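Mapping of the sequence shown onto our numbering: residues 164 to 888, in sequence order.
These are computed hints drawn from the structure, not numbers from a lab. Only a predicted model underlies this, so the values are computations on that prediction, with no experimental measurement involved. Any given hint might turn out to be false.
[Said to hold, decoys possible] DSS-like, lysine-lysine: derived pairs with alpha carbons at most 25 Å apart:
| no. | residue 1 | residue 2 |
| --- | --- | --- |
| 1 | K564 | K615 |
| 2 | K579 | K656 |
| 3 | K668 | K686 |
| 4 | K668 | K550 |
| 5 | K615 | K477 |
| 6 | K635 | K788 |
| 7 | K491 | K477 |
[As the list claims (entries may be wrong)] So the derived label-pair ranges between C-beta atoms look like this:
| no. | residue 1 | residue 2 | range |
| --- | --- | --- | --- |
| 8 | E493 | Q666 | 52 to 58 Å |
| 9 | R517 | K569 | 40 to 46 Å |
| 10 | V847 | E493 | 37 to 43 Å |
| 11 | E549 | D875 | 39 to 45 Å |
| 12 | S570 | E549 | 50 to 56 Å |
Yeah, the Cβ is synthetic: ideal placement off N, Cα and C, and Gly gets one too.
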Amino acid sequence: MLKCRAVWRKLAPLARSASTQCRHNVKTALNNGRRQAFVPATHMSTGPAGGGGSENTLYVVLVGAACLGGGAYAYMTVRGDSKRYEERISELASRSAKEAPESQPPVAPEPEEAAPTSEESAPVAELSGETESASAEEPVTETPPEAAEQAAPVLAEAEPVAEVPPEAVEEAPPVVEEAPPEPQAEVLEALPAVVESAAEEPVTEAPPAAEPETVQEAPTEPAVTSLPESAPAPEPVSAPLTLPSHAPYLLIGGGTASFAAARSIRARDPGAKVLIVTDEPNLPYMRPPLSKELWFSDDPSVTETLRFKQWNGKERSIYFQPSSFYVKPEELTSAENGGVAVLTGKKVIQMDVRGNKVKLDDDTEISYDKCLIGTGGVPRNLQVIEKAGDEVMNRTTLFRKIEDFKSLDNVSRNVKSITIIGGGFLGSELACALGRRSSETGLEVIQMFPEKGNMGKVLPEYLSNWTTEKVKKEGVRIVPEALVKSVAFKEDKLEILLKDGRQVKTDHIVAAVGLEPNVDLAKSAGLEVDSDFGGYRVNAELQARSNIWVAGDAACFYDIRLGRRRVEHHDHAVVSGRLAGENMTGANKPYWHQSMFWSDLGPDVGYEAIGIVDSSLPTVGVFAKATSKDTPKAATEQSGTGIRSESETEATAVTPVASSTPAPVMEHKDEYGKGVIFYLRDKVVVGIILWNVFNRMPIARKIIKDGEEHADLNEVAKLFNIHED
């Protein structure tokens with residue numbers, strides 16, 4: 164059929180040219196005849212007026228006869244070719260019935276010597292004819308005889324229908340076994356579309372033996388299952404997912420920073436098209452509940468639903484938005500109103516800054532106009548654990564993602580002892596969460612850290628000691644001043660040997676010893692990595708290049724108030740992501756809106772912090788007696804959200820008014836119910852912790868922004884109204 168089509172494409176212009184020339188000659192002759200009829204009577208001729216009429220009439224008759232004869236010849240030739248084509252198809256179908264394998268006999272087999280009737284071969288001829296007409300520019304009835312004669316050898320060489328029994332032919336279109344080289348592939352790709360069109364519209368020019376309903380009611384799947392193994396059916400031809408080759412806004416990383424940037428971009432540019440590329444299989448989600456509220460859920464299927472109850476009893480999902488919020492990546496380019504698309508399970512491995520494009524781990528390249536790097540970080544591990552071997556590594560969790568939460572939840576239900584190495588935010592939160600579970604299941608929870616007290620790098624010593632006692636009351640065994648020397652797997656237990664000789668045996672280890680910023684793209688992109696703080700070095704507008712921004716844990720940014728910093732907290736990802744998104748749309752704003760972070764040691768004790776909180780700095784603490792309103796649970800009831808920072812970062816503090824209530828005298832100096840801790844550098848407040856004091860962060864933010872010296876911080880503490888019930 165392909166050779167026939169090729170020949171026809173060469174002969175068609177000649178045929179059309181000849182036909183046009185013939186029509187032109189006839190028209191000229193007729194016009195000449197008419198013009199001669201109006202020659203004036205004074206024409207110098209011995210013949211009658213309009214002489215030459217007999218010769219013109221004879222010419223017209225001859226031309227007409229030639230056209231009729233040519234048309235009759237073409238009709239007879241095409242009809243003969245069609246008949247020979249049907250006979251050839253019948254012969255091939257008969258040969259298929261003889262050669263069918265005995266292991267899988269065709270449906271309703273007939274004697275091998277029986278040849279199919281014209282009715283059996285009619286659907287095949289009908290579909291083949293439709294394929295020919297669908298792929299050719301001219302109707303099949305105009306195919307030259309030479310092209311029709313060349314079509315038969317092609318069918319004999321590469322006819323896939325040859326192995327389909329006659330009965331199967333009535334049920335479904337012919338099935339291809341093996342596609343010859345390039346040309347035949349085009350026909351195979353066109354065949355499903357032809358069958359579909361044939362099913363929708365009856366074929367009016369089909370032979371009388373074939374009925375349109377035969378094509379319409381032909382089920383595809385039953386016919387495939389009845390075919391022999393020697394003629395496997397091709398898989399349905401479906402268009403592959405076409406990922407956008409260009410994204411006006413490309414966000415690398417699917418964490419909080421990228422989502423905040425996408426939301427900010429869309430707010431300033433409603434028609435923006437934003438593409439988020441993440442190596443995680445999940446849509447953007449919040450990480451804090453992984454170490455907080457999810458552990459206190461009563462739902463046994465919480466690891467699947469990832470829905471949790473906040474301290475105020477309200478339920479919410481860990482995901483920022485449902486899947487319906489996002490545009491499919493393959494539809495982003497054609498989205499009329501733009502949108503946000505998330506390409507999951509793909510990792511950017513290379514960045515071409517000059518060419519404004521990135522390369523994915525599957526070699527796909529995506530160009531961009533503006534790009535944000537929000538790759539976050541990866542959990543650190545202890546070298547002694549990495550060198551201890553696979554048995555130890557298989558029993559160690561580095562907590563960061565949804566998969567880590569699911570894995571640790573499963574481990575905690577199947578082992579007798581878990582040891583958490585690390586006394587920071589994550590380690591303390593997990594210790595309290597697992598400690599609550601220990602009272603129900605008998606799980607032994609151990610927390611060890613090199614400091615003297617819990618969160619010793621952040622809290623002043625007196626408050627760190629108080630927090631340590633709080634964690635002990637949650638059912639956690641504390642091992643302070645612990646420096647791990649080695650870890651070994653012996654007798655189905657992990658043996659942790661400390662440098663002072665102490666030894667701890669456990670079933671599982673959770674390493675919560677910090678985060679390493681992910682700067683894998685720095686080398687290929689030529690971006691600077693800060694040698695002191697780590698992360699991509701950016702300016703106050705979070706720019707690394709003219710059209711590249713960095714936000715979140717991976718950004719080492721210049722704070723116009725506190726200097727160069729790198730922050731690893733949820734709210735910083737929100738603030739920096741939002742600022743980067745605004746600047747990507749032309750805002751040109753510097754980083755000044757201080758982010759905050761918070762930690763909850765269960766529903767009763769929690770704190771919020773802002774600025775530089777380092778226990779090595781001088782501190783001043785002002786405390787008061789707490790009430791039932793001064794808990795994380797009460798704070799969420801008042802704000803209506805479990806992620807307190809998301810509501811507070813939007814607030815703007817006005818000039819605070821100090822409370823006139825005098826500070827009461829505390830009965831016990833070691834009772835830290837609620838209070839404010841100020842961190843000083845050169846007598847200026849650079850950091851503030853609100854201990855069980857909530858919804859006051861805008862005031863703390865303004866104090867740091869002003870950067871003034873304060874003679875009496877007790878008076879400053881009154882701005883937070885900690886002495887009022």
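A quick look at each hint next to the structure:
no.	hint	verdict
1	K564 / K615	29 Å, violated
2	K579 / K656	11 Å, holds
3	K668 / K686	42 Å, violated
4	K668 / K550	18 Å, holds
5	K615 / K477	37 Å, violated
6	K635 / K788	22 Å, holds
7	K491 / K477	30 Å, violated
8	E493 / Q666: 52 to 58 Å	57 Å, holds
9	R517 / K569: 40 to 46 Å	42 Å, holds
10	V847 / E493: 37 to 43 Å	53 Å, violated
11	E549 / D875: 39 to 45 Å	51 Å, violated
12	S570 / E549: 50 to 56 Å	18 Å, violated
Against the hints set out earlier in the document, violations occur for numbers 1, 3, 5, 7, 10, 11, 12.
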